[in-house]
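J.: Taken in sequence, the protein lines are chains D and C.
Each residue of the first sequence is one higher than the last, beginning at 1 in our numbering.
Each residue of the second sequence is one higher than the last, beginning at 1 in our numbering.
In short, the hints are calculated from the structure, not lab data.
Be aware that a few hints might be false.
Heads up, simulated DSS-like pairs for lysine-lysine below, C-alpha to C-alpha not over 30 Å straight-line [claimed, not checked]: (1) C:12 with D:66; (2) D:32 with C:12; (3) D:50 with C:45; (4) D:216 with D:153; (5) C:45 with D:52; (6) D:202 with D:216; (7) D:195 with D:103; (8) D:195 with C:313; (9) D:232 with D:249; (10) C:12 with D:198; (11) D:2 with D:145; (12) D:66 with D:32; (13) D:199 with C:12; (14) D:18 with D:2; (15) D:195 with C:45; (16) D:198 with C:313; (17) C:28 with D:32; (18) C:113 with D:202; (19) D:18 with C:12; (20) D:50 with D:221; (21) C:318 with C:383; (22) D:32 with C:288; (23) D:195 with C:28; (24) D:50 with C:12.
For clarity, every value in this text was computed on a predicted model and none was experimentally measured.
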Amino acid sequence: MKILATVKRVPDPETSIKVKPDGSGIVADNIKWVVNPFDEIAVEESLRIKEKVAGSEVVLVSVGAKVAQEQLRTGLAMGADRAILVVAEDGLEPLAVARVLVKVIESEQPDLVVMGKQSIDDDSNAVGQMAAELLGWPQATFASKLELAGDQKTATVTREVDGGLETLSFPLPGIVTTDLRLNEPRYASLPGIMKARKKELKEIEVGALGVDVAPKARLVKMEPPPKRQAGKKVASVEELVHLLHTEAKVI
Amino acid sequence: MTTTAYDIEASKDTLGRFLRDEVIPLEKEAGLSPDVAPPAELRRKVRRRAHALGFYAADMPREAGGGGLALSERVLLDMEALSHETVFFEDVMGGPGGPSSILLACDERQREKYLLPLVRGEITTCFALSEPEAGSDAGGLRLRARRTNGTYVLNGTKNIITNAPQCDFAMVFAVTDEARGAMGGITCFLVDKGTPGFSVGRVHTCMGFTGFQGELVFEECEVPAASILGQEGYGLALALDWINANRIKIGAAAAGLSRRLLAASTAYAARRRQFGRPIGDNQGIQWKLADMATELFAVESMVTRVAAMWDRKLDVRKEAAMVKLYASEMVNRAAYEAIQIHGGTGCLLETGLERVARMVRVYTIVEGTSEIQRIGIARRLLKELAA
Chain D
1 MKILATVKRV PDPETSIKVK PDGSGIVADN IKWVVNPFDE IAVEESLRIK
51 EKVAGSEVVL VSVGAKVAQE QLRTGLAMGA DRAILVVAED GLEPLAVARV
101 LVKVIESEQP DLVVMGKQSI DDDSNAVGQM AAELLGWPQA TFASKLELAG
151 DQKTATVTRE VDGGLETLSF PLPGIVTTDL RLNEPRYASL PGIMKARKKE
201 LKEIEVGALG VDVAPKARLV KMEPPPKRQA GKKVASVEEL VHLLHTEAKV
251 I
Chain C
1 MTTTAYDIEA SKDTLGRFLR DEVIPLEKEA GLSPDVAPPA ELRRKVRRRA
51 HALGFYAADM PREAGGGGLA LSERVLLDME ALSHETVFFE DVMGGPGGPS
101 SILLACDERQ REKYLLPLVR GEITTCFALS EPEAGSDAGG LRLRARRTNG
151 TYVLNGTKNI ITNAPQCDFA MVFAVTDEAR GAMGGITCFL VDKGTPGFSV
201 GRVHTCMGFT GFQGELVFEE CEVPAASILG QEGYGLALAL DWINANRIKI
251 GAAAAGLSRR LLAASTAYAA RRRQFGRPIG DNQGIQWKLA DMATELFAVE
301 SMVTRVAAMW DRKLDVRKEA AMVKLYASEM VNRAAYEAIQ IHGGTGCLLE
351 TGLERVARMV RVYTIVEGTS EIQRIGIARR LLKELAA
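Take these sequences, add in the hints, and give me the full structure.
T.: Right, dumping it as structure tokens:
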């Protein structure tokens, strides 16, 4: 079977992010870029299916600047077969990304699309849902478990929902978005990294797809969260209760 | 297939994750002492995993099951590996008990028995040259290999041999021709643990670690002629090429450890407040940091340059000695200053700084003391002048 997995280039979650003084975005220099951790889980899940179902192919897709090649190479080094980079400006809106993905899906015709539930930079959590809607495909988001029927015609997904688990079953093709507990992604091994250079990485200009990617919203301002105030020591329980009531106004 | 800078950068990432997410947690779970050689079984586990990820034996040839990396690439990974603290440091990239280019001289039978399993991390070895009476002066070896009918009988003791206690087989350098001595009279034998007459003597407690070094004792130990590595009388010749690469690798290890020392010192200087301001505001501390960083950069530059010369098969005897000399002394200075910057805190075991200081002390001694390196460098200078 053919599985399409998404790979987005995002700042390393362990990097300390600084907002530009004019609030127009984040300072992009000198930060480390990685595969969006939820996408890494999507790649891993796709590879596990490939290992179980003989003759499967895992195709990666990314939408963004040319440098996202690095993250696609990481996915290839993990074991994916080939990659597609739709070269576009960074920061496309979720609907635009969904439209681009739909074009790629229509031409690749995968049996299953696995993607991160959200990217850790913009946290929109929207592209998977939008793409499924545009395609008229079934979707299962926040997957913590994914199983395929023996004939690979049906997927069963356990979803992490508030206060419990929900199990969905649907016919393929469909879209699954991954949650944190679905799996633990493997590392790209050194031999894998070297092999990855020989694998196909196709680039498509976003303009060639003929979809509307114009932004519908405008970024007004980005602000860092307020600095944490220093704590305060109190002498007695009475004083604590008093301050919680009069100053913090929480009781 | 050659590798690009991107491949190595990406591999460094994987290496860092492997150490942070697997190796260090394994050490914590098993409750291992950071100062004692881990149990052989756990070390094998780490080696097998490191081999699967392509790190262990990364610079051994592919035909031997290695990663086929150039030395100039491997040293970048060595620097990354040593910038993380773990007692499994010998089992990630491979240390003195691991894959050794000397063993590329193996014949077909030795290759199957020793080289291939060694590269896969299944077994380990040790480089048994030093003796109580012979270290820098290899000509002073006393361990004799007496030829009998098609076999050799070994008698003598090796000491302070890294990985002697845990090795599965030893590369034993023995005198086969007393008259020739260091000039063609020394032979390398591959001897299995468990061979009658071969035993591990004392396990040394060293200032760095305990359980890694020990003695090997040979008493009328009979081995077949087939256990000779290469040819009789070529033992030291085999070791010569290898020792240059090892000197460069010590430079890389020194750089990796110094990165750790510099990072800890810089962070501490920014955080520690005395007299109402961070101690990093004082020029006295700033100069120490600046010198540490500059010397570290010098060593990183030397290591990568000499490793590239090695890869081009140039004669690096002088330069490898320079790297070893400068890097080993540099990391000792860095360890001293890192503790000085940390003050009393630096003396606490929990900071890990005193461990580095103990660990690197031997760097100016192994693979040729600083004094031997200086002699070697100066002699080559004088020889070049005469040529």
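J.: Now look at each hint and say whether the structure bears it out.
T.: Structure-based check of each hint:
no.: 1; hint: C:12 with D:66; in the structure: holds (22 Å)
no.: 2; hint: D:32 with C:12; in the structure: holds (13 Å)
no.: 3; hint: D:50 with C:45; in the structure: holds (27 Å)
no.: 4; hint: D:216 with D:153; in the structure: violated (37 Å)
no.: 5; hint: C:45 with D:52; in the structure: holds (26 Å)
no.: 6; hint: D:202 with D:216; in the structure: holds (29 Å)
no.: 7; hint: D:195 with D:103; in the structure: holds (28 Å)
no.: 8; hint: D:195 with C:313; in the structure: holds (26 Å)
no.: 9; hint: D:232 with D:249; in the structure: holds (15 Å)
no.: 10; hint: C:12 with D:198; in the structure: holds (20 Å)
no.: 11; hint: D:2 with D:145; in the structure: holds (19 Å)
no.: 12; hint: D:66 with D:32; in the structure: holds (16 Å)
no.: 13; hint: D:199 with C:12; in the structure: holds (21 Å)
no.: 14; hint: D:18 with D:2; in the structure: violated (40 Å)
no.: 15; hint: D:195 with C:45; in the structure: holds (25 Å)
no.: 16; hint: D:198 with C:313; in the structure: holds (28 Å)
no.: 17; hint: C:28 with D:32; in the structure: holds (28 Å)
no.: 18; hint: C:113 with D:202; in the structure: violated (45 Å)
no.: 19; hint: D:18 with C:12; in the structure: holds (25 Å)
no.: 20; hint: D:50 with D:221; in the structure: violated (43 Å)
no.: 21; hint: C:318 with C:383; in the structure: holds (11 Å)
no.: 22; hint: D:32 with C:288; in the structure: holds (28 Å)
no.: 23; hint: D:195 with C:28; in the structure: violated (34 Å)
no.: 24; hint: D:50 with C:12; in the structure: holds (27 Å)
Violation of the numbered hints given earlier is confined to hints 4, 14, 18, 20, 23; the remaining hints are satisfied by the structure.
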